[in-house]
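Chemist: Kindly produce the complete structure, drawing on both the sequences and the hints.
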Amino acid sequence: MEEIRIGLELRTLNNLIRRYFDFSSHKNEVETITGNNGWIIGYLGDNAEVGKDIYQKDIEDYFNITRSTVSNVLSLMEQKGLIQRQAVGQDARLKKIVLTDKAKEIKGLMKEDVERLEHTLKNGFTDEELKTLYEYIQRMKKNISKN
Amino acid sequence: MNKIWTIRELHSLNNLIARYFDFSSRAKEIDAVTCSNICIIGYLSDNTDKNVYQRNLEDRFTITRSTASKELKLMEQKGLIQRQSVSCDARLKKIVLTEKAWELRNLMKEDVEKMEQVITKGFKDEELKILYSYIQRMKENISNTKSTLQP
Chain A
577 MEEIRIGLEL RTLNNLIRRY FDFSSHKNEV ETITGNNGWI IGYLGDNAEV
627 GKDIYQKDIE DYFNITRSTV SNVLSLMEQK GLIQRQAVGQ DARLKKIVLT
677 DKAKEIKGLM KEDVERLEHT LKNGFTDEEL KTLYEYIQRM KKNISKN
Chain B
352 MNKIWTIREL HSLNNLIARY FDFSSRAKEI DAVTCSNICI IGYLSDNTDK
402 NVYQRNLEDR FTITRSTASK ELKLMEQKGL IQRQSVSCDA RLKKIVLTEK
452 AWELRNLMKE DVEKMEQVIT KGFKDEELKI LYSYIQRMKE NISNTKSTLQ
502 P
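Sequence lines, in order, name chains A and B.
Once you know that position 81 of the first sequence is 657 in my numbering, the rest is easy, because the numbers rise by one and skip nothing.
Once you know that position 91 of the second sequence is 442 in my numbering, the rest is easy, because the numbers rise by one and skip nothing.
The hints are simulated quantities; they were obtained by calculation from the structure and are not laboratory data.
Any given hint could turn out to be false.
Unchecked claim - Listed next, the in silico BS3-like pairs over lysine-lysine satisfying Cα-Cα at most 27 Å (straight line):
(1) A:Lys722 / B:Lys429
(2) A:Lys722 / B:Lys460
(3) B:Lys472 / A:Lys722
Modeler: Listed below in structure tokens is the structure:
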């Protein structure tokens, strides 16, 4: 066996995941959505379901993308009519990000694809193993963020 | 515990790794060398005992033929690789590293090892083996179903 290179292994796994979506069934319907838009719509939709407000900062933290990237992506998503930024209460600087109806429709289509892939990836894994995997990923993220 | 979204977790972890590498890599400062260039040089230098062809790179990095082809053309232009005909079949070209690429390789080796150390800090050997086996299982899972999705 070659020496274990976790960084490289994760990279190739991610390539496979991305390609899976390129071939997925609803690609045409969601064509205007770039990769990152899709992730953000999914994240906003999930949090809306549990009634949690999401701000730009939450997206930066969750996806580990920089402030300037998130800012650009959100501006483009606003132009495409996928999100709105709504001021909350007293602090006009703080804007929560909400999905438009158009984005919600797209999310419905994507959800099927994402769930099928989750199911595929986890095939044969026990709950215990998934917990371990999740814990390992968090530890690696923390390791990198500390540097 | 919330429902675990493996795909998203892996996606964000990968963002972190790529960004860390962008900032910390010294090899990358040289002559517009990209992350993928670096991975390919690393693979070629690990496999000098056998001939490496484009196909081997496609398999190793799970990249498509057209991506591999473009990537190699650019690397040739940058003077990092050469394609040499093999006596038995003129269509088959093995890929070899240039002197310049070997110099880069030494810098890279340190970069990659440092990144591995950072990522896996605090992990026991046993845990790394488990993690590696999980990644292999997920890759197999996804590769086994791909055929049903393709048009």
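Chemist: Where does the structure disagree with the numbered hints, that is, which hint numbers, in rising order?
Modeler: Hint 1 contradicted; others consistent.
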